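There are 4 protein chains.
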Amino acid sequence: MWDYKTPGIPDEYFERTEKVPITKEEIRTIQLSKARLKPGFTVFDVGCGSGSISIEAAIQIEKTGKVIAIDYDENAVELTKKNIEKFGISNISVIHGNAKEKILELGKADSIFIGGTGGDTKEIVQLAQDKLNPGGRIVIGIILIETLYSVLEILDNLNFDSIDITQVTISKSKKTTKGTMMLARNPVTIISATKT
Amino acid sequence: MWDYKTPGIPDEYFERTEKVPITKEEIRTIQLSKARLKPGFTVFDVGCGSGSISIEAAIQIEKTGKVIAIDYDENAVELTKKNIEKFGISNISVIHGNAKEKILELGKADSIFIGGTGGDTKEIVQLAQDKLNPGGRIVIGIILIETLYSVLEILDNLNFDSIDITQVTISKSKKTTKGTMMLARNPVTIISATKT
Amino acid sequence: MWDYKTPGIPDEYFERTEKVPITKEEIRTIQLSKARLKPGFTVFDVGCGSGSISIEAAIQIEKTGKVIAIDYDENAVELTKKNIEKFGISNISVIHGNAKEKILELGKADSIFIGGTGGDTKEIVQLAQDKLNPGGRIVIGIILIETLYSVLEILDNLNFDSIDITQVTISKSKKTTKGTMMLARNPVTIISATKT
Amino acid sequence: MWDYKTPGIPDEYFERTEKVPITKEEIRTIQLSKARLKPGFTVFDVGCGSGSISIEAAIQIEKTGKVIAIDYDENAVELTKKNIEKFGISNISVIHGNAKEKILELGKADSIFIGGTGGDTKEIVQLAQDKLNPGGRIVIGIILIETLYSVLEILDNLNFDSIDITQVTISKSKKTTKGTMMLARNPVTIISATKT
Numbered sequence: 000m001w002d003y004k005t006p007g008i009p010d011e012y013f014e015r016t017e018k019v020p021i022t023k024e025e026i027r028t029i030q031l032s033k034a035r036l037k038p039g040f041t042v043f044d045v046g047c048g049s050g051s052i053s054i055e056a057a058i059q060i061e062k063t064g065k066v067i068a069i070d071y072d073e074n075a076v077e078l079t080k081k082n083i084e085k086f087g088i089s090n091i092s093v094i095h096g097n098a099k100e101k102i103l104e105l106g107k108a109d110s111i112f113i114g115g116t117g118g119d120t121k122e123i124v125q126l127a128q129d130k131l132n133p134g135g136r137i138v139i140g141i142i143l144i145e146t147l148y149s150v151l152e153i154l155d156n157l158n159f160d161s162i163d164i165t166q167v168t169i170s171k172s173k174k175t176t177k178g179t180m181m182l183a184r185n186p187v188t189i190i191s192a193t194k195t
Numbered sequence: 000m001w002d003y004k005t006p007g008i009p010d011e012y013f014e015r016t017e018k019v020p021i022t023k024e025e026i027r028t029i030q031l032s033k034a035r036l037k038p039g040f041t042v043f044d045v046g047c048g049s050g051s052i053s054i055e056a057a058i059q060i061e062k063t064g065k066v067i068a069i070d071y072d073e074n075a076v077e078l079t080k081k082n083i084e085k086f087g088i089s090n091i092s093v094i095h096g097n098a099k100e101k102i103l104e105l106g107k108a109d110s111i112f113i114g115g116t117g118g119d120t121k122e123i124v125q126l127a128q129d130k131l132n133p134g135g136r137i138v139i140g141i142i143l144i145e146t147l148y149s150v151l152e153i154l155d156n157l158n159f160d161s162i163d164i165t166q167v168t169i170s171k172s173k174k175t176t177k178g179t180m181m182l183a184r185n186p187v188t189i190i191s192a193t194k195t
Numbered sequence: 000m001w002d003y004k005t006p007g008i009p010d011e012y013f014e015r016t017e018k019v020p021i022t023k024e025e026i027r028t029i030q031l032s033k034a035r036l037k038p039g040f041t042v043f044d045v046g047c048g049s050g051s052i053s054i055e056a057a058i059q060i061e062k063t064g065k066v067i068a069i070d071y072d073e074n075a076v077e078l079t080k081k082n083i084e085k086f087g088i089s090n091i092s093v094i095h096g097n098a099k100e101k102i103l104e105l106g107k108a109d110s111i112f113i114g115g116t117g118g119d120t121k122e123i124v125q126l127a128q129d130k131l132n133p134g135g136r137i138v139i140g141i142i143l144i145e146t147l148y149s150v151l152e153i154l155d156n157l158n159f160d161s162i163d164i165t166q167v168t169i170s171k172s173k174k175t176t177k178g179t180m181m182l183a184r185n186p187v188t189i190i191s192a193t194k195t
Numbered sequence: 000m001w002d003y004k005t006p007g008i009p010d011e012y013f014e015r016t017e018k019v020p021i022t023k024e025e026i027r028t029i030q031l032s033k034a035r036l037k038p039g040f041t042v043f044d045v046g047c048g049s050g051s052i053s054i055e056a057a058i059q060i061e062k063t064g065k066v067i068a069i070d071y072d073e074n075a076v077e078l079t080k081k082n083i084e085k086f087g088i089s090n091i092s093v094i095h096g097n098a099k100e101k102i103l104e105l106g107k108a109d110s111i112f113i114g115g116t117g118g119d120t121k122e123i124v125q126l127a128q129d130k131l132n133p134g135g136r137i138v139i140g141i142i143l144i145e146t147l148y149s150v151l152e153i154l155d156n157l158n159f160d161s162i163d164i165t166q167v168t169i170s171k172s173k174k175t176t177k178g179t180m181m182l183a184r185n186p187v188t189i190i191s192a193t194k195t
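Chains as they are written, first to last, in numbering that gives the first Met the number 0: chain Y, 0 to 195; chain D, 0 to 195; chain L, 0 to 195; chain C, 0 to 195.
Check the hints yourself; a few may be wrong.
You can't tell identical chains apart in this list, so a pair holds if it fits in one copy or across any two.
Stated by the list, open to error - In the DSSO-like style, the derived pairs of lysine-lysine whose C-alpha atoms are separated by at most 30 Å in a straight line are:
#1 177 / 80
#2 101 / 80
#3 62 / 37
#4 174 / 99
#5 101 / 174
#6 85 / 37
#7 23 / 174
#8 130 / 65
#9 101 / 177
#10 81 / 62
#11 18 / 171
#12 65 / 101
#13 130 / 177
Since the hints were made in silico from the structure, they are not lab data. Computed from a predicted structure; not experimentally measured.
Same shape as in the complex, but just chain Y:
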């Protein structure tokens, strides 16, 4: 269904519902690039939402790799499963539950995505650090000011380097009868770093 080498599956290829926000394709593409994936990698996707990042990561790491997608929202878990089926992906496991507990039961990871707007981002970043192999990458998508601050605050005290903080604002064109206007989407801040 998507046989290109690069991430960037258009949003409209995914099953979507009003209840679960989807990471927009350009944001997703940047997040995937910051994760620096390789075939065979083990990847966690914490707060997987629609599953769009899990699916693009699963394609990049090929069948020898494995994605573990976690969400506490049943709607997200269901939507992720639907999308996995739609794209015919076999190397994603979906876990329904609280990330702070579920992540403890998992093994090591080579890359960890943290999304969602939950208030626990800070604690999850700490847990992610413990699970990441040295050289592994963490990629955090943030929309709340409080989350941004709390992650910034904690990051310096954890074992990360090559810390990158990038705010991305996307506008999309819309044709009207009178011309082309740009519709702004909400800014997302992407923090990425390498486990030392």
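For this one, chain Y is given, so just place chains D, L and C on it according to the hints.
Just chains D, L and C now, with coordinates in the frame of chain Y:
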């Protein structure tokens, strides 16, 4: 109702309807500052929409000044009149009709605002040039790429200097149960210049 | 030198030095509008920098009003004085020193601007609250993520309502031989509120 | 030197000079994703600049694919060659010359990148259309308003569908002694489309 010296009446103070877009207060404030108003000025507001710019300008130019507000949309004309009444303003005349015709019937102006997303912006800028007194200011709010280009193209051939092109992107905070997110509004480009 | 009713003195009208950053004119205009000034007001400008906000406020509040400008940076104090002289303003007092101490020695204010990127913004907001008359406005210009968070955190526990958080991103056009490009300026977040 | 599956080579991995602007990594990542590359593809990179897009594309299309990089600026050609050597890439040919002439001498392409800020973008888009295989993708990076307009205007009359217009604004964090500020980069508009 608004007895402050500076523009910046909050949007929610105005009557609004779904049919007529309102220039957001921060954009309006910048547009008013670019117009460099003085008591006694004659001001045109072409494509007056909700009337918010007309009203703020009418306050700044005081009762010795006069605003002429034009819109081809009956809903806009009605809404502008409602807002004039709400704010108790006496120095605004509202004209319903095609700006390209109506502007020809008017006298000279000291400042001219051009808004709306109509396809005629280019021609209206040309007409506005003829109506502006030397030293008078034109302020154009633009959201369409085609309008931006056509105004840029024409401006160099008209009698304007001190041309300023400023794109403004506003985000507003929204409190959610989990924290504060920023909601982006669509970017507006404000072109202003002085008639030579 | 500037005899218009509205704020929006172009940046190039001010004396500037490399050592002292100037609040850009569009940001300044929005900050002034959020302050809701009236003739006769007493205004504090904490972290006055180039003095551009003090000068525009001094014009708005007219000769019956008074601005007190404070900065701990000697270069800023000197530059503010130069600009006061340049614009022929008589109702601004400039204080050199630590805002946290100096503000304690002042009387009540009707509007308080807080600028700069100092680490003490949180404490100064608290002091400003004590100095503001009921109905008075506080306007804070923020560029650091940590400052934004600390102000957000404190604001709910202070006596403020009508809290408004607006991020403003300005781009300015630049003509090249091949066409017009937009140069982005760094985003500024403006928090304003009314003392209850 | 870069053995990850996803694009997103950090800017600092490339040789750079002051004379040749480099497409920033997040912008480059989005451009690559819009190109939808596959192993074996033939890719043109018109206005290759530093060669960063050519190199990332060359990795994605693997050794069975081929990138042809063109630039009229000798400095860009030299820099691209340096980067090709640095990354040990063997499937890029670099052509020095006027794209409008050089592209005529080439065969068909599966994906075409058009960059630079040259005034000829409109004509090059037309030539690119003729060279693209059906289903092939064009990806245009634009920073000038005039170029944006001229491409918009022409696109509807060419054989393209799935037209996507995305403006991307990136801000990068900078640590100061007092906290973290965001530095804005200039917005880039990326237009992509599929040859019908």
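Quick rundown of the hints versus the structure:
| no. | hint | in the structure |
| --- | --- | --- |
| 1 | 177 / 80 | between (42 Å within a copy, 26 Å between copies) |
| 2 | 101 / 80 | within (18 Å within a copy, 49 Å between copies) |
| 3 | 62 / 37 | both (11 Å within a copy, 18 Å between copies) |
| 4 | 174 / 99 | between (44 Å within a copy, 24 Å between copies) |
| 5 | 101 / 174 | between (45 Å within a copy, 29 Å between copies) |
| 6 | 85 / 37 | both (23 Å within a copy, 21 Å between copies) |
| 7 | 23 / 174 | both (20 Å within a copy, 22 Å between copies) |
| 8 | 130 / 65 | within (15 Å within a copy, 39 Å between copies) |
| 9 | 101 / 177 | between (52 Å within a copy, 21 Å between copies) |
| 10 | 81 / 62 | within (19 Å within a copy, 35 Å between copies) |
| 11 | 18 / 171 | both (22 Å within a copy, 23 Å between copies) |
| 12 | 65 / 101 | within (16 Å within a copy, 45 Å between copies) |
| 13 | 130 / 177 | between (53 Å within a copy, 26 Å between copies) |
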